[in-house]
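**Student:** Sequence:
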Amino acid sequence: MELRDYVRAVRAHWVLAVVMLLLSVSAAGAVTVLMTPEYTATTRLFVSTPETESTTTAYQGSQFSQQRVLSYAEIIRGKNVAQLVIDELGLDISAGALAGQVTTAVVPDTVLLDATVTDTSPLRAQTLANAVATKFIELVSQLETPVGAEAPLVVVTVVEAASLPGEPLIPDVPLNLSIGVMVGILLGLGLPVARAALDNTVKSKSDIVDATGAPTIGAVMFDSGISKSGSPAEAIGHSKTAETYRQIRTNLQFVNVDDPPRALVVTSALAGEGKTTTAINLALVLAQSGQRVVLLEADLRRPRVIRYLRLVSGPGLTNVLAGTADLADVIQPFGDGKLSVIGSGPNPPNPSELLGSVHMKSLLRELRESHDYVIIDAPPLLPVTDAAVLAVHADGAVIIARHGGTKREQLRMAAESLRTIEARLLGTILNMVPQKSYGYGYGYGYGYEYEADIRIPAVTTADRAVANNSIPANGVPARGERRKTRR
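All residue numbers for the sequence shown refer to my numbering, where the first residue is 1 and numbers rise by one.
Hints may be right or wrong, so weigh each one.
Stated by the list, open to error - Derived pair list, reagent style BS3-like, types lysine-lysine, alpha-carbon separation capped at 30 Å: (1) Lys338 with Lys361; (2) Lys240 with Lys361; (3) Lys240 with Lys407; (4) Lys205 with Lys407.
Claimed, not checked - Label-pair distances were calculated between CB atoms; the ranges are: (5) Glu74 with Ser26: 39 to 47 Å; (6) Pro146 with Phe46: 16 to 24 Å; (7) Gly148 with Thr103: 30 to 38 Å; (8) Phe254 with Asp329: 49 to 57 Å; (9) Asp109 with Ile170: 27 to 35 Å; (10) Arg301 with Ser362: 19 to 27 Å; (11) Pro152 with Val106: 31 to 39 Å; (12) Arg412 with Arg368: 28 to 36 Å; (13) Arg11 with Ser362: 18 to 26 Å; (14) Ser163 with Val106: 33 to 41 Å; (15) Pro152 with Asp87: 19 to 27 Å; (16) Asp109 with Gly148: 17 to 25 Å; (17) Gly190 with Pro349: 53 to 61 Å; (18) Gly190 with Glu409: 22 to 30 Å.
Derived by calculation from the structure, the hints in this document are not laboratory data. We put the beta carbon where it would ideally sit given N, CA and C, even for glycine.
Using the sequences and the hints, build the whole thing.
**Tutor:** Right, here's the structure in full:
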């Protein structure tokens, strides 16, 4: 993944980043509130030897005191001193527990020793710190007084008694909130990036090119709002959906400038990626430009074109290939007459053999001679070989990939299945692109809409006659059926 892919992931999930930040700060605040405050009180001790008039002796005494300080740091936080304090104050606590509340620190290169007591009560922390210092001094006096001597070799004095602490050491509110903010930022940025890094579905033009080695012909943005417009004629005429397919129509002409493809197989890696929708919309915009277009329903296993367009279901492609019907008997005009549709006909037991037959090749040649464009809605590439076989007879295939649905490996295998039999892959159309992802890696200068419902123009009286009045007045399938048959 490139840097822009990570930026796109964060931009696409900015709400998650904000939520993570708020949750982390809230959690830090909750932990801070729930934490029991702890206060610290510190007593500073000075370790020295008895006064002497000799400079050498004084220096040696100073060195001796510094060495002793390190040992005293261990003694002062030991159980012996703790037990003396417990006995003195009459505390109901074990020596080990009290010793755990005591910490020490030696000021470097000095004979100063700090004894700190931590407690949930500020007053108790002060009392314990001073008591620890007092009992420690008494213990040192006993330990450092030789047998028969009147004075100890080392003298420990309090130079700074413990004062009553004002603010608790724990919780540290600024620190906790800062940690919450940092964790929130890391999670808010890290989760989308990790998700993008682990996601193996196609989401950009670069993903498609890397997987197929073929150009991206266009990208269609998903917009559920258009399906509620209620005016299919207006939608196909002026919507951004129509502009998308017009751009795809233009891009197809540049696939091969000298000999633009005219017989196109529209397929996908797997079912449910929008190939039938794309085939119909592409046929419509080609017909709108004044071209004579025939839309061939060649998905003999799961035919949907005739049902989507509310045309007559009867003899079709399979009848022509089997020799039981003529082409003129099965072709149905649609719209203003520039678009013709050939249904699949009865489901055959051997779809692959029919589509790869000499009769199919001859039929495509005949359709090319009588029409400017032949758009073929074919089955997915990975489950069956039908689409690849058709692509050999046609000018090439266009693969439809669903944004966030088609996996890169599936798309790669689909493209490879075409190359294996030397069929031409014209390019790929990225379908169902979320609006929030628009502007990142698709290479087009205006917005795109994905229309899951088929965009068909207003139906004329002649069309209704052809369909035996089976087409609704607005020319759109019933909403329930649209959802049920969406590809």
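**Student:** Work down the list of hints and note, for each, if the structure agrees.
**Tutor:** Here is how each hint holds up against the structure:
no. : hint                           : result
1   : Lys338 with Lys361             : holds, 23 Å
2   : Lys240 with Lys361             : violated, 36 Å
3   : Lys240 with Lys407             : holds, 27 Å
4   : Lys205 with Lys407             : holds, 14 Å
5   : Glu74 with Ser26: 39 to 47 Å   : holds, 43 Å
6   : Pro146 with Phe46: 16 to 24 Å  : holds, 22 Å
7   : Gly148 with Thr103: 30 to 38 Å : holds, 36 Å
8   : Phe254 with Asp329: 49 to 57 Å : violated, 37 Å
9   : Asp109 with Ile170: 27 to 35 Å : holds, 30 Å
10  : Arg301 with Ser362: 19 to 27 Å : holds, 23 Å
11  : Pro152 with Val106: 31 to 39 Å : violated, 20 Å
12  : Arg412 with Arg368: 28 to 36 Å : holds, 30 Å
13  : Arg11 with Ser362: 18 to 26 Å  : violated, 52 Å
14  : Ser163 with Val106: 33 to 41 Å : violated, 21 Å
15  : Pro152 with Asp87: 19 to 27 Å  : holds, 22 Å
16  : Asp109 with Gly148: 17 to 25 Å : violated, 34 Å
17  : Gly190 with Pro349: 53 to 61 Å : holds, 54 Å
18  : Gly190 with Glu409: 22 to 30 Å : holds, 26 Å
Of the hints listed earlier, those the structure fails to meet are numbers 2, 8, 11, 13, 14, 16, in rising order.
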